[in-house]
Structures are given as structure tokens and as C-alpha cells.
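If you read the protein sequences in the order shown, they are chains A and B. Going by my numbering, the first sequence opens with residue 1, and the numbers climb by one from there. Going by my numbering, the second sequence opens with residue 1, and the numbers climb by one from there.
Just so you know, these hints were derived from the structure itself, not from any lab. Please note that a few of the clues may not be correct.
Some but not every residue of chain B turned toward chain A, in silico, with C-beta under 7 angstroms [to be verified]: (1) Leu-2; (2) Gln-6; (3) Leu-17; (4) Ala-32; (5) Asn-203; (6) Ala-204.
Positions of the beta carbon are idealized from the N, C-alpha and C atoms, including for glycine.
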Amino acid sequence: MGNTRMFGPRKVEKGLFQRLRSLNWLIIAITMFIAATGTAMLYSVAGGEFEPWASRHIMRFGFALVIMLIIAVTDIRYWMAFAYPAWIAGMILLILVEFVGDVGMGGQRWLDIGFMRIQPSELMKIAVVMALARYYHARTFVQSRRLPALFLPLLLIIVPAALVIRQPDFGTGLTIIAGGIIIMFLAGLPGWLFAAGGVAVAAAVPVVWQTMKDYQKDRVLTFLNPEADPLGAGYQITQSKIALGSGGMTGKGFLEGTQSHLNFLPEMKTDFIFTVLVEEFGLIGALTVLLLYGSVLMYGLLIGIGCRNQFGRLMASGLAMTLFFYILINIGMVMGLMPVVGVPLPLISYGGSAMLTWAIAYGLILSVATHRHVTLAPKGSGLA
Amino acid sequence: MLAGLQGLALTALGGRLYYLTVINGEQYRLRADKNRISMRLIVPERGEFLDRNNMKVAVNQPDFTVFLVPEQAGDITETLRKLARVLKLDQRDLQKVRRQIKRQRKFLPVTVAQGLDWRTFSRVNVEMPDLPGVITSAGLSRYYPFGRHLAHVVGYLARPDEDEVALNRIYRLPGFKVGRQGLERKFEDELRGVAGTRRVEVNAVGREIRELPPRQDAARGQDLQLTIDLRLQEFAIDQLKEEAAGAVVLDMETGELLALASAPTYDPNEFTRGISQENYDGLLNDPRNPLLNKCISGQYPPGSTVKMLVALAALEQGIITPETEFYCNGKHKLGDHTFHCWKKRGHGKLDLLGGIAHSCDVYFYEIAEKLDVDLIAQMVRRFGLGDLFDLGIGGERSGLVPDRRWKRDFQQESWHLGETLNVAIGQGAMLATPLQLAVMTARLASGQKTLPKLVRETGPAEAETFDQLAVNPLHLRTMRRSMEMVMEPNGTAHDLRRRKSAVKQAGKTGTAQVRRITQAQRDAGLLENDEKPWITRDHALFVGYAPAERPRVAVSVLVQHGGGGATKAAPIGRALLDKALELLPAPPRDNGAVQAVAPDKTAVKKGVVDG
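Okay, chain A solo, but in the shape it has when bound (with noise of 0.2 angstroms):
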């Protein structure tokens, strides 16, 4: 890597502590309001203690924004430079994690490194974005369109996405491949391709039911006809719902919840923790949670949209499209809108994994928010 720089930084700020300034802090505050709605919830779960859950969330939180903060004032060539190589170590972790990764909920997922378990899946979902926002940006519009161009992405995307589901977690496999697919489309590639991969993916459904574990089975069979088994498989979701329903416009209020507090729901520091929520504080705190969600990825859109720099572009709307299909997936399962696929949401839900991914993600957008005006070279490989 060169060390002298070919385009120098128009508005960037050049001291740390002008650029934290610089960031959005009232998205900042929002993503900690969201994360304290998440305290509380695990407070509530706990049955009103904040051991042993609500204590340990608030610090998992302090490190996530730590982390976000650094990312977000670090120089976004060196993410660029950064996005290969994320890509390359994110499949190394996974197959890892095939050899040697603890089984947890019916699938091999966790990475032990010891002094905390990491899901490599999560992290690629971000490195992913990232060595495809990398590609297209080394290549002009016209250059991206040619079939062979087709190539080195799809296999970016399906090696770790296989990888994925065969651990097997089908949710997060599709988010990957949907964070994929979402910036080959702003990429620029013609509608038709996306109408042959749809026809494709609707071929390949049966194929997959016969390599799907039976209780990936049971869930998509569950999902359809949820009524169908309700003290079995369809048990899950059924409470989820009454739950959700008997919190009404208000909700219960908080810690009133009858079927967390009896322990009728499933999962409920983690999948199902949106349920509590509903039940405790309605329709209203539901829409509330919704739109603060809303509006920081929004926000992570319009940063995509406003950034001078291809990968700037494709890597802040393509992650927020990413935190927005965990959004999206965790609270239609839990409402019976999509199959069990125990995807957590994140800042809220108990968990590590989730929180560094989100905190990573929305890092990298907030560095691309601070490096909006920066112009990087097409090929630039590094710092230039």
C-alpha cells in the first residue's frame, strides 16, 4: 500500500473528537433508547430482577457502542482495504465452526474462543455486504452488467450462505443471501436476472425440503397451519400470538404479563422477547419500537443514498437493508407471518451475537456517513 494519499478528503474532519461530533447522535440516542427498551424487557423476563439477564445486557450494550463508535470514526478506506480479507476470515471461522463448534438449538453455530462464543453466520452477514459493495465498486455500470461479472458475486454470496444453512440456520443463510442480492440490485444489474434467479429459487424449493432437518420441516409446516398441533410444534407460535393479542391497544403494563410471566411463551430473553414487549405495552409500545427501528435504518439509507463513493453506497444501504431483514424476520415469526427461524432482534433480544453484529453494521454505516464526501479510487486496493 501506497502512503501518499491521491485524493485528499474534502470534509472530513481530521480530529477524533470533530468526527465523533460530527456523527448523528440523535440516531445514536435512539439506538440506545432502543437498547434500553431491551434492558427493560429482560428486566421484566427475569421476573422483575436484573440478574441475570437486564445486567448483562446493559454491558454488552456498552461495549456494542464502543465498538460502533471506533468503527465509526475510523477511516473508511480502511474498511474498503478491510473487505476481501472480513470475507476470507468469515470463512474461515465457518469452517470452523464445522469442525469444531458447539451444537446449540438443534444446530452447530458457535465458535467458543474463549472468553466469548461468536456465530461467524452473523459476522459474514456483514462481511458478505461488504466484499460485494467492494466488487462493484471496482467496476463500472457497464462492466457489472456482463454476464462473467455474474460470476465472483454469486459465489461470494452462495459458498458462505451454503455454508450457513448447512449448520443448518436457514434464517440467517437468507439474510445473507438477501443482504447479496440487495446490492447486486443497487449495482445496477438488469431486472430480468432477479426474475430468472425467482424462478429458479421456486425450483429449487423442493430440492431443499429433501436436505432440510425435520424440525426445519416441522417449523415451515407449523408456520403454514399453526392450529394444526397446538400443544406441539405449533405451540410456540400460538402462545406467541395470544400473547400478543391480549396486549391490545395499551398492554398489561410492565412486568403484567401473564403468559411471560407463566412461562407460556417460549424463548423469551431471546426470539420471542418482541412478544413480551406487545403484551406488556401494547399496540402502542409495539409501534413505537417500530418506528424508532424505522427511522435509524432509514437513516441508514439516506447516508447510502447521499454517499459520493460507490462502496460507501452500496455498504450503508445494503447493511441497512441487512439489520432491516432481522427486524423484519424476528417480528413477523413471532407474529405467525413467517416460519420459526430463530432469528433474534437485535438490541433487544439477549445476546451477544446480534448486538455485535448491529453494532459493527451500523459502525460501518455511521463510517460511511462520516466519509460521504471522500472519493475513493476504483481499484482503490487500500489507502492509495
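Starting from the structure of chain A, add chain B where the hints point.
Positioned in the frame of chain A, the structure of chain B alone reads:
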């Protein structure tokens, strides 16, 4: 465009939320309540039994029970091992518990031990933190403080069977018991009470979190007061000892049964706790039949105790007068068959009073030859034989009063005169229960249609006004005189040691043959009862009343295969009469002086005379 997509998706989510929470909210609220609210029954306290003096004879006492919920027990083997040490369970108990654990769903409690004493129970409670899944409960269970004395009357409780479970939802509660025998069974509906309900909040595994008002309390079952005097009952059971026997004592003023004792008896507490197969087999195989209530379910030939009734029939028909005399030489020939008197060498010349006082069989053979059996049967029935009195205990039997019609219907044969001779001395096909004999005696003594009862309705006993018996009072007076003579010197039940000042009693003995005695046996010389095998020995009977001048209590005693009525049954009967009079409150004293001067021998009740 992506922003639009996001907005659209969020709107969709919001719309779905609105649909779930607002449009269908009410429905889901109901389902959430159905999830968490469970109706639980409150067990009503069962009514208790009191004797006539308000002594409690069936009570509910705290019962300490230890349950185990397998689902919450964690390491079941380890928990059971610890429990076994505290509760001192042996391998067999543990095996039983393990079998039960396998049989039912994992969140249902299994009874590990019940009927624990307070010390053991508290020790379990102290060790609770080390015993996951162990629940202790202090409920109520039935206890009969005088179990053996009233087993046949009060009965016992048992686990409801499947048919009973279908009748009332309360029977589904774990550990709930239902009346299985005696009054416990007959008055089940009154005793049981009405279950209350309470609404409780439960969690997903059914554990109770808290109670939600309102609560509907259980209504306690009704108490039941017996007419039995526990002290007399206890005395009667002691008198009967280990014999197979029954004794009935009846208050003639009210018809109330003061004692209804059947021996041998058993401990109903064993049944309520769940009797072991071993002990149950022991009771079933005992030839003395401890489970049978001999007073109402045992039917025996009444023997000579019915002679007064035969005499009454003959007097009514004008066949004899009290002065009619017959000569007894110990034998009576009818056709080519010889009927024997119990006294081998005969009584000589006797009138009616003597015939009864000495219980001469030949005297009654003479009467029977002239008296149609249907007329005997008709008279016998007037005194309650062949009747059911519906005391409220199951198993009451009617006995048998044979007549021509019975012979025709059940034996498809015509009546033989020889059978009348047997009936006249209370043998042959004739059967009666000790209860019927006590009623008979009361009716003889009072001239009224006494009806027995075992359960007091409400309040203190009032003198019943029974119908007059359709029998000539003069004839009855003769019979009472003859029964007094039975107890006097030369009478069959005379007690040499009885003090002159003691209350005067009247009665009649009976010795009922169990086996027909063949001529060959007679020629070979009859064995004394003591020398015969138990099962072939005669039944010993005694009926009586006292005081002779003013009859107040009537008694009947049966000792199965006891031997002679005079030696085996009469002493018990005499003792019971004395004890009953001692225990009964003294009769009203308003006209006492007049009564003492002119003893009322018409046996019309004093209350009626006093008007």
C-alpha cells in the same frame, strides 16, 4: 426505492399488529386468561359421626402426606433415596412409588407416604430444600377413634371406583375417599358436603402461582348422630369377646338402638388407610366372618325364642288357654316320626307358663299339631320377623317366616305337619336376625309396633308413639309373665347369684340346632356342645327386657355355635340389660311414687298414661 420497501414492510408489520391486538385482541385476551386461570376444587370437610351422647366416633384428623412431582425432582433416584431415609421407607414402598411414577404423567404428584406423624412430617419439611420436587400437604383423613366398636355400623371409606368417579367431579381429586360400608356409604351424599371452588393462576407447567378472588368456600358435610350409646356398645363388644356373635339393645320408648354389636370385629381405620392384602385375606378367611354384621345380615334359626309367638297364635285361635296342660315325657310321636324335647327325660305335666319357663318342646309340638302353620306365620310377622327396618346400613336381611305359600313357591312341595312342629320350636326353615328378635321382644314387652332406628334425625330423642299391636293385651300379659318366670328359680335363665334387690328382668333363652340329629346319634348318646366341633355346635340365643314391671330396654343376643342359650347367651343378655338401664337417663319422675306402688304391667308407655 429501498426506503419505500422498508416503509411498506414496516407498515405491513404494523397492520398485522393492529389486527392481532386491536381487532382480535379480545379473543386473545380470553385465551390468555384460559391459559393462566384454572378452577380448583376446595375439598369439603366430611360430616362427623356422634354417638347419642355426642361422643365423636368418626372424625377428620390432620393427615400428613408427602408427594413427589417427578418432573421437578431432577435426579429422582437420589431424591427418593433421601426421602426413604427420612421417612424410613423399605424397598417395597419404594418399588410401589417407582411403579406409580412410571404410570402417570410427569407433572402429576405421586404419593410417597401418607398418614405420617407430626415429627416425621416436620423433618421432611425441614429437609425440603434438599428434596427437589417434594411437596408436603396437611389434609384431613378419616379416623375412627373407637373403630373396632362401631366398624359394622359406621363402616369405612375407600378410594372411589370408576363408576363413582363419573358421578361427582370431586371424586377425581387425588386422595379423595368415598363411603364404602355401613352408614358412611348410605349417607355419603349428606356426609360429603359440597366442594367449593377457587380460581388460581397457574404457570405453563400447571404450578399454582396465586389465588384470584372470588373464592367459593366448601360447605361442610352434615354430621350424623347415632342412637348408639358408645359406652354400651363398647360393653357389648367386650361381652361378646372373640365369639362369632351379635347383640342388639333397643330403647323401647323411642325404638332407638342403643347397641348393635357384632363380633368378631375389625378395625375400619385399616380399610381407610388401605388394608394390606394379607390382613384382608385374614378377615375373609376367618370362619367367624368378622366382616359380616351379624345383627342385621346374619340369619339364624330363632329356636325357643319364638315360642311366645306360637303360644300367642294358639291363644288367639282358642286352641289353648293359659291353663291348658300337656304331659311331656321327652318324646312326641307324629306318624312314624318321633320328635324330641330338649330334656331327654321329659318335663312332666306343664301348663302354658311352665311350658315357656322350662322351654318345653313337647308342649309346643302338642299346640302345633292343632295350629295351622299359616296362623303361626301371621302372628310371627306381626312381631317383625320377616321384616326389613331400613336402618340405613346396607346388607339388612329379612330372615324367613315359612308358610304354605313359601313352601309351594320356593320348594314346589306341599306343607307337612311335621314341619309345623319344627317351626313351633323355632327350627326348620325359620330364620331371623338378632335385630328382628330384639324388635320382637320390644313388641312383646310394650304391646306396640316398635320400629328400630339407628340414626337420629335432629335434636334430642322424643318418645315415639308407635301403633298398638293387634294382639290381645291379656294374652301379651300372660306372655310377659311367662318371660318373667324364665328368669325366676326353675326358669331356664335363672341367675342364682342375682341379688333380690336388683332390677327384675324378663326373657327367653333359645338353643338352635344347626345339624339335624339322627336317631343313630341319639341312640349312641348325644355329645355335649363343648365336645362337638365348633361348626356343628348349637347357636345360643337370648331375648329379654327390663325392668320387668316397666319395660324400657329390650335385648337380643346370639352366639353362633355358642352352645346352650341359657349358659352362653343369657348371661350376656342380662349384663347388657343392667348396663343399659344404668346408662339410660332415669325416666321422668313426676308420677314416680304412684308408679312404684302400682307397677304398670299393661306396658302402655308411661308418657301415654300420664297424658
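Legend entry - Interface hint outcome for Leu-2/B [beta carbon to chain A under 7 angstroms]: 6 angstroms, holds
Legend entry - Restraint check, 7 angstroms cut-off on beta carbons, for Asn-203/B near chain A: Nearest chain A Cβ about 4 angstroms off; hint holds.
Legend entry - Status of the Ala-204/B interface restraint (C-beta, 7 angstroms, chain A): Holds, about 4 angstroms.
Legend entry - Hint validity - Leu-17/B Cβ closer than 7 angstroms to any chain A Cβ: Hint on Leu-17/B: holds, closest Cβ of chain A at ~5 angstroms, below 7 angstroms.
Inset, instruction - Answer holds if the nearest beta-carbon of chain A is closer than 7 angstroms to that of Gln-6/B; otherwise answer violated. - result: This interface hint holds because 6 angstroms falls under the 7 angstroms limit.
Inset, instruction - Answer holds if the nearest beta-carbon of chain A is closer than 7 angstroms to that of Ala-32/B; otherwise answer violated. - result: It holds, given that the least Cβ distance between Ala-32/B and chain A is near 4 angstroms, below 7 angstroms.
The earlier numbered hints are all upheld by this structure, with none contradicted.
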